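Enquirer: Chains as they are written, first to last, in this note's numbering: chain H, 1 to 258; chain X, 1 to 129.
List time: in silico DSBU-like cross-link candidates among lysine-lysine, alpha-carbon distance up to 30 angstroms:
| no. | chain 1 | residue 1 | chain 2 | residue 2 |
| --- | --- | --- | --- | --- |
| 1 | H | Lys205 | X | Lys129 |
| 2 | X | Lys61 | H | Lys210 |
| 3 | H | Lys201 | X | Lys61 |
If you're looking for bench data, these hints aren't it; they were derived computationally from the structure. Note that this is a predicted model, so its numbers are computed, not measured.
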Amino acid sequence: MKYSYYPGCTLKTKAKDLDIYARSSAEALGVELVEVKEWQCCGGVYTTAQDEIATKLSAVRTLMSARDEGTDLVTVCAACHNVIKRVNDDMRNNEYVSTRANNYLQAEAPYAGETRVIHFLELLRDEIGFENIKKAVKNPISKKIAAYYGCLLLRPSSVMQMDNPENPSILEDFIKAIGATPVISAYRNECCGSYFAVTDKSIAKRNSSKFVDSSEKNGAEMILTACPLCLYNLKQNGGASVPVVYFTELLAEALGVK
Amino acid sequence: MANLNLTSENIKRISGVDARKCMRCGKCTASCPNFEDMEYHPHQFVYFIENGKLDKLLESKSVFKCLSCFACVERCPRQVEPAKLIEAVRLTVIRQQGANHLLPDEIPAAIDEEMPQQALVAAFRKFTK
Chain H
1 MKYSYYPGCT
11 LKTKAKDLDI
21 YARSSAEALG
31 VELVEVKEWQ
41 CCGGVYTTAQ
51 DEIATKLSAV
61 RTLMSARDEG
71 TDLVTVCAAC
81 HNVIKRVNDD
91 MRNNEYVSTR
101 ANNYLQAEAP
111 YAGETRVIHF
121 LELLRDEIGF
131 ENIKKAVKNP
141 ISKKIAAYYG
151 CLLLRPSSVM
161 QMDNPENPSI
171 LEDFIKAIGA
181 TPVISAYRNE
191 CCGSYFAVTD
201 KSIAKRNSSK
211 FVDSSEKNGA
221 EMILTACPLC
231 LYNLKQNGGA
241 SVPVVYFTEL
251 LAEALGVK
Chain X
1 MANLNLTSEN
11 IKRISGVDAR
21 KCMRCGKCTA
31 SCPNFEDMEY
41 HPHQFVYFIE
51 NGKLDKLLES
61 KSVFKCLSCF
71 ACVERCPRQV
81 EPAKLIEAVR
91 LTVIRQQGAN
101 HLLPDEIPAA
111 IDEEMPQQAL
121 VAAFRKFTK
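All chains should be built: construct the whole structure from the sequences, respecting the hints.
Expert: And the structure:
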């Protein structure tokens, strides 16, 4: 199985573990991830404004690159995934945006949303299958783990289409597949406070600590996430006393490639 | 803001949202993780935009309190999409000269060694033009 792979800026700097362990796990599972050539920052956040075209162009370039390679596009950072998938939806369904983006890019073949964008978790669930992950596990993680979804993987569900936005299970099913026990906590699909870590820490503190407190009260020995900013907020602003780790790191550990 | 009618049209155009679909159930505000920090709540954004009372929103710090988490959009039973309206009002504010909400000079004091680049890129994109 061969896929185009988009790591994103934060995964090359502060969130190297999210990237490195995604690659080593994929290799162990027989999946080839080919990094998109000359990729650019996705922009960090998707803007919903109809007249914001320039802020969507880097995502379109990534999507076109995957199309030209003839492969699906795999992302692993929750924020990059949200931006790229939503821009792809615009290119497919929003004529106002797609016409202007294509006019600007002047590509030989205009882009109309042909690329299929899947998150690494969807690769595990839908392409490889959690049953097969279970069979490949060499070191089961015998811990109680709380999964934090945040907003970006799930919403808007009409576009993201990863899971039930109010009662998701993909991360809990992943936790079971690597031999651990999922802990369901309140606020697991609410916002951590996001970029308010920069402008208004009290908001990030309040939002993150709600989830952390609930998880620890429910007996979680570890918290798992797919987003570098969620990880930062849960650790620094949520005051987590248990380890907060990327799901890819635990996968690599379970597969014996960490 | 000199011409509120023009601004109202702009917000409709930028957001692509029809505020008239709102049936005032208040679920957006009930779902908002930041409602207690907002002078005007998500349902009030919808109501004020529908009724052309934009001056209050344009002057309020509430435009800088939305997390864009899309809980209000997901849970709205009428697909009004309040977060898109708030984004359109915020852009209307920061597209004015000198109205940026986050300045590069503020960054050194706001960050630490662990903070991911994603936080800065996202904050600048949301608060600065």
